[in-house]
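Engineer: The primary structure of each chain is shown beneath.
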Amino acid sequence: MSETLPKNNIFKVIGASSLGTLIEWYDFYIFGSLAVIIGHQLFPEDAGASALINTLAIFAAGFIVRPFGALVFGRLGDLIGRKYTFLLTLVLMGGSTFLIGLIPSYKSIGYAAPILVLILRLIQGLALGGEYGGAATYVAEHAPKNRRGFFTSWIQTTATLGLFLSLGVIVITKNILGAETFGDWGWRIPFLLSIVLVVVSIYIRMKMHESPMFSKLKAEGNISKNPLKESFNNKGNFKMVLLALFGATMGQGVIWYTGQFYAQSFLENTCKLDFNDSRYILLWGIAFATPFFVIFGAWSDKVGRKWIMLTGMLLGIIFYRPIYQMFLDDTDFTKIEKADILSSSPITKSVLIEGTQDSLKTVTTKVLLKNGASFNIVQADTISITKGPLPVKEIMRDKVLPTPVFWKFVGLIFFQILLVTMVYGPIAAFLVELFPTKIRYTSMSLPYHIGNGVFGGLVPFIATLIASFAGATPLSGLWYPIGIATLSLIIGTVYLSNKRDENIND
Amino acid sequence: MNALKKFLGVIWMIAGPLAMAFLIVQAIQKVGLTHTEIERTNTILQWAIILFIFFPISIGLVIFGFYAVKGEYDQLPESSEEV
Chain Z
252 MSETLPKNNI FKVIGASSLG TLIEWYDFYI FGSLAVIIGH QLFPEDAGAS
302 ALINTLAIFA AGFIVRPFGA LVFGRLGDLI GRKYTFLLTL VLMGGSTFLI
352 GLIPSYKSIG YAAPILVLIL RLIQGLALGG EYGGAATYVA EHAPKNRRGF
402 FTSWIQTTAT LGLFLSLGVI VITKNILGAE TFGDWGWRIP FLLSIVLVVV
452 SIYIRMKMHE SPMFSKLKAE GNISKNPLKE SFNNKGNFKM VLLALFGATM
502 GQGVIWYTGQ FYAQSFLENT CKLDFNDSRY ILLWGIAFAT PFFVIFGAWS
552 DKVGRKWIML TGMLLGIIFY RPIYQMFLDD TDFTKIEKAD ILSSSPITKS
602 VLIEGTQDSL KTVTTKVLLK NGASFNIVQA DTISITKGPL PVKEIMRDKV
652 LPTPVFWKFV GLIFFQILLV TMVYGPIAAF LVELFPTKIR YTSMSLPYHI
702 GNGVFGGLVP FIATLIASFA GATPLSGLWY PIGIATLSLI IGTVYLSNKR
752 DENIND
Chain C
3 MNALKKFLGV IWMIAGPLAM AFLIVQAIQK VGLTHTEIER TNTILQWAII
53 LFIFFPISIG LVIFGFYAVK GEYDQLPESS EEV
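If you read the protein sequences in the order shown, they are chains Z and C. For the first sequence, our numbering assigns the number 252 to the initial residue and increments by one for each residue that follows. For the second sequence, our numbering assigns the number 3 to the initial residue and increments by one for each residue that follows.
It is worth saying that the hints were derived from the structure and are not from the lab. Positions of the beta carbon are idealized from the N, C-alpha and C atoms, including for glycine. Warning: the hint list may mix true and false statements.
[Stated by the list, open to error] Rough simulated footprint, nothing fancy, chain C against chain Z, three-plus residues with beta-carbon under 8 Å:
hint : segment
1    : 713-722
2    : 739-747
[To be verified] Derived DSS-like pairs: lysine-lysine, alpha-carbon spacing no greater than 30 Å straight-line:
hint : chain 1 : residue 1 : chain 2 : residue 2
3    : C       : LYS7      : Z       : LYS553
4    : C       : LYS7      : Z       : LYS557
5    : C       : LYS7      : Z       : LYS486
Just chain C, with the same shape it has in the complex (with noise of 0.2 Å):
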């Protein structure tokens, strides 16, 4: 199980800027269809919102899985003192 922890926390580490990059891309040609195909839903501060927000949020993806990958998840501490 610790061997799968550390290999998935590489997926992790790897996930969240392609999951940014994905967003990006998104907004942009979303953003950019907002005046020919879509009535005024895809704008650009909707999609302003959504990046703000996923972006701290990729970057913590990114440490949890560093810590997998270090090994800290290995062994959950059993009380708060361990903590």
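If we strip away everything but chain Z, and leave its shape as in the complex, we get (with noise of 0.2 Å):
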């Protein structure tokens, strides 16, 4: 572009993109990372399993409105300019994040806590909806044609960050305060938290200017007076749309959410991890693997984008079921020998079940081992009047690794992340070259809100909800994940093409 900004005002105007969207990205995280206590807060206390799958599911409700927020908020992007689009999705989002904060829970207001929770993650997907597309247009029209998957795969860096961001938020609140104190009300601090970061996000997102396609294309009176119908009842747009979905962001999107979601649900509600150790694990993989978005984001503005995306997928669909297996089979303590426990201590407490004569014997046994491990064998006996003795409960939890295997999970994660990069460090100068300058915001938007939001925000429900089937087995829930990657990278590979669009000023 003619236009292009001098090297130190192109990085302000990433600084200033990045640190809104990283903040939303955040506020939009904390929910998923803290899905297993928010469950337990917002349903009733014998709902077992379905507890997680309607926390899921409410999590997934934020990707699915994601769309619309794309379609809302890109016609405004592209009606009134990209600046005050993406400075009130931020508003929309510090705002609902904050009030999850304050949401009583079930034993206090009943289902109206899940209702309520709900309603407010449909607000915070459709400012993320908006807020994504006006962030990479923004910045790609502010970057030289030649570096553009350079530039924009800053932004790319922020969906990770925004995650590594709320998992040590999380982390560094359950140490401070506790377990115990944690999983009562201090899970609240994260999402109060975020106003403070929103405040400040506005501040610096005030100060800045209009993007010079747009002013020109304003100035010009070019305006689309009507970006929702030029972007879907132009075939020529509308196949774009379809194209971009079904040949790159439907397969990017399940590849993202299966190294940075699945992933650390698996760790923590199949493997049993503990919390910690999910925690520290993906924090670990995450630091390393983020430079590499920016490195494939640059390395695309020389070979193309497509090959590289391709292979990201290409390499999840062959190593996703062997390297979940690794953690199945590394956290198989069933197996150990008694000349490997260092010690082992029961706990036994009794308690009264609520508004019954009934009582809950559990016994925590607390189990060290040589190597470093430990974990917990809890068996939960019920005592029922009516019922006589019920069938005692046994499950191993909270399993601290060896080092060594803990490192390994660090490199699985770390590898998972890496396919991440590949596919989404140069998505958004992808998208941002297929689509003209007036409906670029809606246009680009929508393919990346349904392959991300859609196919990518319900991984973690989805797969749940297959492993939970009569006969699955825990690796049944990758078939999802691979089944949309092979789709995705079959209809890449024929139909997408790795030429650059270098004139995006039109």
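Using the hints, build the complex out of the two chains.
Structural biologist: Below you can see the structure in the form of structure tokens.
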């Protein structure tokens, strides 16, 4: 583009755009990172596995409405400009997150609690739907044409860094307050903290200028009067929206959410890893892999976007099942010998079950192994006055890994996030180059958010649901991301072009 | 390559309705099992969400296949002006 900014200015543009986007991702992800605790707060105590699945469904609802946010705010962005639109999305996102932190629990207001959270989650989804397309468009429209992949990849890092920030805040808060207080009310702090971050970001964004390309269109009176109609009534645009969705963003979305979310859910809920251990593993994996967003983004400026993204999908298809099998094998402590045990100390607790004459006896045995690993065996024994003794339930949980296995898991998570950087690093530049300026915000946002929000955001929910089917194995849930990535890989290979559209100033 | 694009277009046009039929059958089977074998997980609401979301997407896949069969993707635009 002719109006390319000097290098220090473009980094100001990237910094201001990225900070707001990072905060929006932080807001969006703390909910997913706290799904288990929020599930206990929002649903009845006897809800069992359905509390987690319903909470994941509320989490997914935020993703599902993202395409609608993309349409609503994308239209606003193409009509009134990029700057004011994503100021609005930032306020909506921060406000909703803050309010989630104030919602009373199921015990206080019954099913009004999950309904209110669902409504706020929907607002979060709409806001995020409007945010990302704006930030990516804004940066791309400021960037030099031969370095668009490099500059937009900085925006791409914010999604992962937002997750990193959310995990970091959660782990620190929990370690300061202790597990019991955190589960009781401390989980609200990461939500409430969001308001501070949003105020800072709004201050920075107020100082930003409108995109030069949008300003030029506005000055020339060429702003689209109805970007929705132009995007989707025009066959030429609509066919590219479909191609972007099925050939790129759909596969990219499932690779992203498998590597960053399903992996954590799998480690915590299926492998029964300790709360902190599962998050530390992810934090290290993210820290090592994040620079690769920029590396692959910059590389895509030289070799094109297509094959980098499709290679990421192919590697996910090939390696997901072996990786998750390793997670299962290395956390299977059922075959340990007595000689491996360093110490074992049982603690017994008995409590009356509220509203009944029954009592629940739990025996928690903390087992330490000689290799540094530890875990708890929890035996729950319900003594019912009316039904007599019920079957004893025994689970092994809170597993802490020995150091070599911990770092092996960090390596496996790193590899999955490396695949995320391959599919996600170049995608903003790829989408920006696919659509003309006056309908870009609207057109690129829709396939991005259907691919990521719907296909990707549903990974934890659908994969957990599939794994709950009768006869399913813990790895059965992986067929969903593998199937979607395979379909996207085939469509992308056959239909996508590797050529870059250098002139996006049209 | 263009012949392959068109051939696969037919596959996508068939795959859209097939995927929906598969999901509807799965929903009926799994919701039916809810009270007997599975602990309150495969509920009507959860499956309704899945069907509601994937129905328009399967229609999109059919339209994508239709465009492919018509040769709309034989020559992709190399600049935004051609879109």
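Engineer: Within the segment 739-747 of chain Z, is the number of residues with a Cβ closer than 8 Å to a Cβ of chain C three or more?
Structural biologist: Coverage by chain C holds here, the residue count being 5 at a Cβ distance below 8 Å.
Engineer: Within a Cα-Cα threshold of 30 Å, do LYS7 (chain C) and LYS486 (chain Z) meet the stated pairing?
Structural biologist: holds (18 Å)
Engineer: Test coverage of the segment 713-722 of chain Z by chain C using CB-CB distances below 8 Å; three residues minimum.
Structural biologist: holds (count 5)
Engineer: Between the alpha carbons of LYS7 (chain C) and LYS553 (chain Z), is the straight-line distance 30 Å or under?
Structural biologist: Holds. LYS7 (chain C) to LYS553 (chain Z) sits at ~27 Å (cutoff 30 Å).
Engineer: Can you confirm whether the C-alpha distance between LYS7 (chain C) and LYS557 (chain Z) stays at or below 30 Å?
Structural biologist: holds (17 Å)
Consistency with the previously given hints is maintained throughout, with no hint failing.
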